[in-house]
Amino acid sequence: MGSFSVCKRCIHKATNTEYAVKVIDKTSTDPSEEIEILLRYGQHPNIITLKDVYDNGKQVYLVTELMRGGELLDRILKQKFFSEREASAVLHTITKTVEYLHCQGVVHRDLKPSNILYVDESGNPESLRICDFGFAKQLRADNGLLMTPCYTANFVAPEVLKRQGYDEGCDIWSLGVLLYTMLAGFTPFANGPEDTPEEILSRIGSGRFTLTGGNWDAVSDAAKDLVSKMLHVDPHQRLTAKQVLKHPWIIQRDKLPNSQLQHQDAKLVKGAMAATYSALKSSQPPPELKPIESSFLAQRRVKKLPSTSL
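The opening position of the sequence shown corresponds to residue 1 in the UniProt record's numbering, with each subsequent residue numbered one higher.
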């Protein structure tokens, strides 16, 4: 979780059912957008389900289904056998979910591996869930009305659509980093947790990453092509989620190699990934804060803390 929230396990006493609860500090961040997005789109099978919302004045509590299978990257790095074919199945599940969100005018903006988790221990890609919408945004017209760019682009100002395209491109870049790491066994822009933010941002800004040596000698050309197009330095020239789903590496999965991919030490890879996103976050301006009461949908949905209903 971010610096404004913590996530804990909780039990609903009436049913003895386990859930997760995200505790958000209202004085530091406005959770209304996250609540609205989860209420609108949380019924998608690969988006975490919001069960209830509580407000005690200082904190907001988001009660969600419990992710029992852990983080995607943890599971992949611990697997004794992980192939390019499996990586394609994982990326397909995540990208079709992102494509759904983008079509609804929602950008996640924080698709790091720690926000992609399994709901159970099966390891089935379909049990993956995109979580933590704390940085997510919905596309809005000048009058504040929600817009869906797939259907109403003619009514949205060009500069708003351009920003939306940039944010969508950032989501695809994050998935490109994940794909690169799944295939290579190490991250594209950070060698380890010791890399400085300046070093990482310099590599990202110049688009410097390697597709040779190690696992890359055994990885298909189609995979390398997809990685290159998802990590393009210009966000407006990256593939869209819809284009990723139509790429041969996704639709011709059965033809991909099923041989084992090698991975570096899990702790080193996770440290490098954390360093990458920490560097990115340090280069971004802080979000503008607005009171949670400004959201009608959140105001209608939020309950007082003493309630025990789920």
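Hints are computed from structural coordinates only; laboratory data are not their basis.
One thing to keep in mind: the hints can contain errors.
Derived lysine to aspartate or glutamate pairs resembling EDC-like cross-links, with alpha carbons at most 16 angstroms apart [unchecked claim]:
1. 270 x 194
2. 58 x 18
3. 78 x 265
4. 137 x 167
Hints, one by one, checked against the model:
no. : hint      : verdict
1   : 270 x 194 : holds (12 angstroms)
2   : 58 x 18   : violated (24 angstroms)
3   : 78 x 265  : holds (9 angstroms)
4   : 137 x 167 : holds (9 angstroms)
Consistency with the previously given hints fails for number 2 only.
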